[in-house]
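Novice: Each chain, letter by letter, is given below.
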Amino acid sequence: MSVASRQLQSLIRREVLRFVRRPYNTFLPPLITNVLYFSVFGVILGSRIGTISDVTYIQFVLPGLVVLGAISNAFENASFSIFHGRWNEYIHEVITSPLSHSYTVAGYVLASALRGFIIGGLIIGVGFLFTSIPFAHPLYLVSFGVVTTTLFAGLGVIGGLFAEDFDHLTVMNQFLLRPLVFFGGVFYSLDQLDGLAYTASLLNPMVYMVNGVRYGMLGMSEINPNTSLVVLTAATVVVLFINLLLFKRGVGITD
Amino acid sequence: MPPAIETVDLVKEYGELRALQELSLTVEEGEFFGLLGPNGAGKTTFINTLVGLVRKTGGEARVFGYDVEDDYQQARDAIGVAPQEFNVDRFFPIREVLEHKAGYHGVPADEAADRADEVLKRVGIYDKRNERFDWLSGGMKRRLLLARALVTDPDLLILDEPTAGVDVQLRHDLWELVTELNEEGTTILLTTHYIEEAERLCDRVAIMNEGRKVTVATPDELKGRGTDTIAVGLESTPASAPELGPYAHETTLSGDRLEVRVDDGGSIAPRLLNDLEARGYEIADLEITRTSLEEIFVDLTEREDRSVTRSTAESASDGDESETSETDTPPKREQEGVA
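Heads up: the sequence lines are chains A and B, in that order. Last residue of the first sequence: 255 in this note's numbering, with the numbers rising by one and none dropped. Last residue of the second sequence: 339 in this note's numbering, with the numbers rising by one and none dropped.
Among the hints, a few may not be true.
[To be verified] One side only, chain A facing chain B, incomplete, derived with CB under 8 Å:
| id | residue |
| --- | --- |
| 1 | Val3 |
| 2 | Ser10 |
| 3 | Leu11 |
| 4 | Arg18 |
| 5 | Glu89 |
| 6 | His92 |
| 7 | Glu93 |
| 8 | Ile95 |
| 9 | Leu99 |
| 10 | Ser102 |
| 11 | Thr131 |
| 12 | Pro134 |
| 13 | Glu164 |
| 14 | Ala235 |
| 15 | Leu246 |
| 16 | Lys248 |
[As the list claims (entries may be wrong)] Examples of chain B residues lying across from chain A (beta carbon under 7 Å, computed):
| id | residue |
| --- | --- |
| 17 | Gly52 |
| 18 | Val54 |
| 19 | Gly58 |
| 20 | Phe64 |
| 21 | Arg76 |
| 22 | Val88 |
| 23 | His105 |
No lab work stands behind these hints, which were simulated from the structure alone. On a predicted model such as this, the values are computed, not experimentally measured, just so you know. A virtual CB, placed ideally from N, CA and C, is assigned to each residue, including glycine.
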């Protein structure tokens with residue numbers, strides 16, 4: 001293994017151990033939240049709603065909840081880890097080391113994407129307790145999982161570098177991410193929207209994620225999954241490039 | 001072999017404030033080099049420029065010949081830094097913190113674990129290896145910072161105020177340890193407020209003030225620049241202080257005690273005694289006090305302050321004849337807290 005690979009591996013190991021060793025903060029909350037979601041939206045309300053495009057309501061909302069959990073955790077992991085490191089200045093341990101800028105970005109993004117991916121998997125596991133999942137296109141499911149968690153891990157890096165206070169992290173998560181997800185077709189079908197609302201929804205990146213994951217899990221999508229994948233991959237590349245630029249310029253880290 | 005540190009006209013500006021002003025400094029490989037200066041002199045800014053925590057505004061900075069920005073990976077790999085402020089990962093036991101730091105430098109995992117144990121033993125906190133940073137005492141935290149700097153086996157060890165606020169025992173332990181490291185070949189850059197520390201440890205020291213290099217010299221050379229005081233006890237109290245030759249910069253009489261300030265007390269003392277006896281003074285005892293490095297430091301930095309104030313006032317008066325060209329007002333320490 002090369003020196004650079006060992007450097008990257010060390011950063012990923014540190015980042016992964018940080019969330020793995022705190023399951024009460026990282027794994028348990030999304031599990032409990034999703035049991036509640038499935039109970040209320042799936043079982044209690046779902047039984048009155050009936051089917052959407054030939055799938056039960058609980059099956060319909062499951063992909064959206066997976067996306068919500070996965071991207072929230074990917075974003076939160078990167079933003080919190082970087083911001084907390086800046087706040088307490090121990091990010092200096094990384095910055096004063098000979099890790100390249102690209103490997104530094106890779107370390108934070110990969111570890112955070114992994115957390116999002118694991119949470120997404122756990123939510124699917126919870127879903128199994130309530131309904132059946134056909135996994136119509138597993139490769140699409142994995143691809144969308146990788147791209148969306150990587151994208152939001154990258155956005156989390158940006159958030160972590162720009163935040164000046166813990167409040168800023170909360171604002172980003174609660175007032176930016178959550179509304180986008182809730183209006184991203186998690187709980188309703190886009191077909192139910194009129195022309196303007198439908199068009200506006202297409203500007204919401206969550207729509208592509210939710211539909212992509214739904215296609216992978218259930219085989220149904222209101223948007224062409226290949227288009228979604230291309231759009232999301234392009235967005236991910238742009239965000240990662242911004243991450244690299246920010247670390248090169250030392251934004252939020254160097255004076 | 002290139003110097004361990006070489007900076008040429010290094011400048012760091014924070015808006016209007018110039019924290020480093022055309023600082024040119026060379027630290028040779030294997031040297032124990034001290035940076036002295038009051039708060040806000042730019043010492044920490046200088047260090048942070050080398051390790052990548054501060055981006056220079058201008059000039060050049062190299063570590064073992066590697067540019068700190070263009071070749072940042074090689075430059076940072078050569079440096080171990082124990083900062084003034086505690087900046088340790090709070091999430092992990094300290095042994096793991098050290099393993100991670102070694103890993104960031106590319107050390108294989110098993111070797112990183114061995115090195116972590118080794119440096120924890122070396123700084124005397126091995127029994128605390130499974131504790132987290134927050135549970136350590138202040139002295140142990142200081143030791144950990146040194147262990148973290150050492151775990152990467154650096155060629156250049158930078159210690160930023162390592163003994164600030166530590167007890168005497170720890171201070172002596174640290175002195176012993178860094179002396180050993182220097183003897184083993186590690187180049188050491190030490191910043192300190194404690195003149196005694198620099199005098200005791202350093203081959204050369206640079207005195208900095210307001211981002212400038214005031215002087216670079218060995219502690220002995222610096223002390224040689226100061227004046228000594230010869231205190232003479234007289235058998236009886238004279239009416240006035242005697243008129244002495246030009247070797248006496250200042251003569252003070254206090255009762256039966258005469259104090260004479262001279263350049264080199266050891267060589268001037270016999271002449272002084274002869275002069276006093278020739279004038280009829282009876283001498284009871286004599287004591288020579290060498291100028292401390294601390295006094296020279298204060299003298300040099302104050303002189304620098306006066307010089308800066310004068311040049312500022314002069315340039316301000318260039319366009320306005322009514323302005324005074326010199327002021328006795330102490331210069332404002334604009335850089336306080338920046339470093």
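Novice: Give a verdict on every hint.
Specialist: Hint check results:
no., hint, result
1, Val3, "holds, 3 Å"
2, Ser10, "holds, 3 Å"
3, Leu11, "holds, 7 Å"
4, Arg18, "holds, 5 Å"
5, Glu89, "holds, 4 Å"
6, His92, "holds, 5 Å"
7, Glu93, "holds, 6 Å"
8, Ile95, "holds, 6 Å"
9, Leu99, "holds, 6 Å"
10, Ser102, "violated, 11 Å"
11, Thr131, "violated, 37 Å"
12, Pro134, "violated, 40 Å"
13, Glu164, "violated, 17 Å"
14, Ala235, "violated, 29 Å"
15, Leu246, "violated, 13 Å"
16, Lys248, "violated, 10 Å"
17, Gly52, "holds, 6 Å"
18, Val54, "holds, 5 Å"
19, Gly58, "violated, 15 Å"
20, Phe64, "violated, 13 Å"
21, Arg76, "holds, 5 Å"
22, Val88, "holds, 6 Å"
23, His105, "holds, 6 Å"
Hint check: violations occur at hints 10, 11, 12, 13, 14, 15, 16, 19 and 20; the rest are consistent with the structure.
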